[in-house]
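> Read off the chains here:
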Amino acid sequence: MPKALSVLFGAGFTVLCAWALGRMALKRARMGLAVEERHVLAFMCGAPLLSLLITGMCAAGIVYDGVLLAAGALILIAAWKDGAFRKEEGEGLAPLPRLWQWLFGTVFAIYAGVALVAAMAPEISPDGSGYHLGIVSRYYREHGFARIDTNMYAALSQGLEMLFLWAFAFGRHSAAAVVHCAFYLALPLLMLRFGQRIGKPVAGAAAGLFFLCAPVALIDGTSAYTDAAVACVAFAVVYLAEREAPPWLTGMMCGFAYALKYTAFVAVLYPLVRHAWRRQWRGAALLCVVAALTAAPWPLRNWIYYGNPAAPLLNRIWPNEFVHASFEQEYAELMRRYPEIESYAQLPLELTVKGRLLAGFWGPLFLLAPLGLLALRSAAGRRMMAAAALFGTTYFANVGARFLMPAAPFVSYAMALGLPAPVLPLVAVAHAVAGFPDMPSKYMEAPGWRLMKIPWRAALRIEDEQEWLARQSEGHRAARLVEAMTPPGELVLAFSSMPESYTTREIAVGFQSGRGERLLDLIQAAMYSDMRPVTEAVFRMPRQRLSGVRVVQTNTPQRGDEREKDLWSIFEMRVFAGGNEIPPAPEWRIRAWPNPWGVKLAFDGLPVTRWRSWERIRAGMFVEADFGGAFDVDELRLLMSEDQHGVRMRLEGKARDGTWRELAGEPLRQGFPVPLTLRRLAMQEVRRGGVTYLLVRESDPQWEDLSRNRRAWGIRETAAVDAYHLFQLE
Amino acid sequence: MKLARWMSLLVLLQAGCARLPAPGPPPARRGALDDHPAHYAFLRERAADARIVEGIGEEIHDDWRWAARRAVLRFVVEETQGVQFRVVLTVPEEFLRAGGRRIDVRIGGKPLGAIDASRAGYIDWRQPVPEEWLAPGKEILAELEADAEWMQGNERRGYILGSAGFTL
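Protein chains in written order, with my numbering: chain D, 1 to 730; chain V, 1001 to 1168.
If we strip away everything but chain D, and leave its shape as in the complex, we get (with noise of 0.2 Å):
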């Protein structure tokens, strides 16, 4: 039980104090609320101004629980001062009807009641665990922000995650989720308020039930994620500008979008639309350089970190080490179109009756979303639609279900102003019936992720909270082995998400950034027949004095080409003379474009470390040595790999003059031994990458070859646990 007090008390003394801070800014604001609003908007409007204080705490480096204690006093002892418990009295907004109070509180209550007790239990979401509360346990144990190479969601905009490490503090994994929750619930408010304020409480009624009884809107808001946050500040925004609000308010709400989520900037266009329509020039502005403000420290942090303000986006524009440009293509294109998903037109079922194929669902309900479209006949219902759409516009860059949040609001009022009144209480309660947990399991097949249970005993603690998460998940038995059988400060290289926040061990995920790429290349390169050094390309050429040599990628595959995303490697580079090898010297200066970083990597004389492009082939990519002096040559030898049919190259040289010209067209390909200590070879790099110990699953493609073939590679099994094996390199 003290466990479950700690999780309230650190979720609570969070939206405690982010009220606060917003009653005081409302009281700025001088907006004129009505005594309805005024408490879920201080809310909403507390919470950038917290996440902002907790942002440059973590970048002084002072996250210490007692600093956090000291400063929601402080918050809370200001508000106290400035007026913000004193109860106020002022104009009401328009009422309920008596079936619709009746109706919309008990729905509420009961799925409020069901949300809490859902976000307390201990957390087990994929992403939640994983990196949301990962990279929150990583600050909260280093005090501030640390720079984390080996995992990308680390440079995703973190203002919520701001708030869940100030919940953390006090009541770990489940604080967190229930400050999520907090913003899952309070958006139904915001909705109800939203529609008294404009006449049609009806209206804001059922939509804010819509909304909340929503399946993977229920899952989505009782985890440690941040898409009903991103919901609820999206509707803030809109409710503001609607509000007339000060701009300098919204122009906060709107960063703070940014920093819950780089797609939410979209919700900065809807006041500046509504300031430009209005030629408000000056208020435009100062919306802008606010909402700029709010959201810059997360660009900065990524500057400085990672050397790309939009890390993990947009590494053509900004290169850097920590995302590969290939690996955001590869991403981003299969956000797009998720596995089995052949076309869009499967979207409308899966989002709402199915839900296998996208992570979750809307619930049959919202087959009825085109009848939004009948709400385009009132004002109210064009904001809405036009709302939706703007919220709407991002989804497409990824379609998993809870990636429609920021617009299901907005869709749910539409639906809500299209529907015959009479029809909504039945609706409404038909929903609510149908999104409860376990319903979708007795009228869909094989529904996706939701609810299943409300685990009233685990929330509470009267199950062991260990017990409880060893038994729902395999992989926080995983996390709890790594950290029972590595020492402290070890790297763990995996190769399968698992949930790192249960584990103080640094786990480098081989697909979550360009280190763990890396790290994961050396083991493929030794263990994939078409990744290894199995090709040496030869440039042969006349006998000529040269002051460097320069090898260009020559093919850009068009669109569709099955050699379209290619990336160019190579293992080595070496130039030769009358059948022998002029070694590198230090005079020489080596450079490529792109991945200058990784060029070191085709000169260090082993052949199972590679320069890559890290980018799809495209003609204009090079790999050049500049001699510092001049040398005669004959011939150069790249040692390369299979995995790359569509790389085409031309060698050009520099004359002593400094000019450079082309030499030689494709070179002659023929085979190279293989070395047979290329495992071990390569085991002793990723060693050298701060590597210590591998996390196998029996599921992961690399799990065959690795356990097989351990004493080749040089690593021994430590530990086991389910399908998971920990391997200690030698």
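Quick caveat, the hints were computed from the structure, so don't treat them as lab data.
Have a look at the derived ranges for each label pair, beta carbon to beta carbon:
1) V/1032 <-> D/718: 31 to 37 Å
2) D/632 <-> V/1119: 45 to 51 Å
3) V/1046 <-> D/729: 38 to 44 Å
4) D/462 <-> V/1132: 55 to 61 Å
5) D/729 <-> V/1116: 38 to 44 Å
6) V/1046 <-> D/332: 46 to 52 Å
7) V/1104 <-> D/581: 36 to 42 Å
8) V/1062 <-> D/393: 55 to 61 Å
9) V/1084 <-> D/443: 52 to 58 Å
10) D/565 <-> V/1155: 44 to 50 Å
11) V/1119 <-> D/690: 46 to 52 Å
12) V/1154 <-> D/581: 39 to 45 Å
13) V/1119 <-> D/581: 38 to 44 Å
Non-contacting residues of chain D with respect to chain V, defined by C-beta distances greater than 10 Å in every case (computed):
14) 90
15) 101
16) 124
17) 248
18) 272
19) 274
20) 293
21) 338
22) 368
23) 422
24) 439
25) 566
26) 632
Ideal Cβ positions, reconstructed from N, Cα and C, are used throughout, including at glycine.
Dock chain V against chain D, hints included.
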């Protein structure tokens, strides 16, 4: 012009943000590529002579040599686990006309498998080698025994051998 100015500013901003390393010296070499290791023979190379025990011609044609009905090579391996034996060859029509259909492969006298040589053309044959058949640092004989040969002038011919040896 205004657009050009803005574009220049953007490029400058971008350049200011991107942190790229300058060209530098090559690193100290931490290894050396072995072009002629003792575990594999490319018959295109004169160095492969050291791997031949019998049944493989001395003359190099482009990147191959003739192998007779029985060809034997000697190899030394540094690693024994996860190793395969590989033979890259081309079966000529004449081999088939002489009744050739298969080439047996033995490692250290033990039968590893048979290469299906019943059709003319290129073959890249690989077979995992049991770890216990190999010992690091010790010479091991690999025998390729075809079931036919044919005559080209006075020369006995089997098939065209490109390379053979141990690989991963």
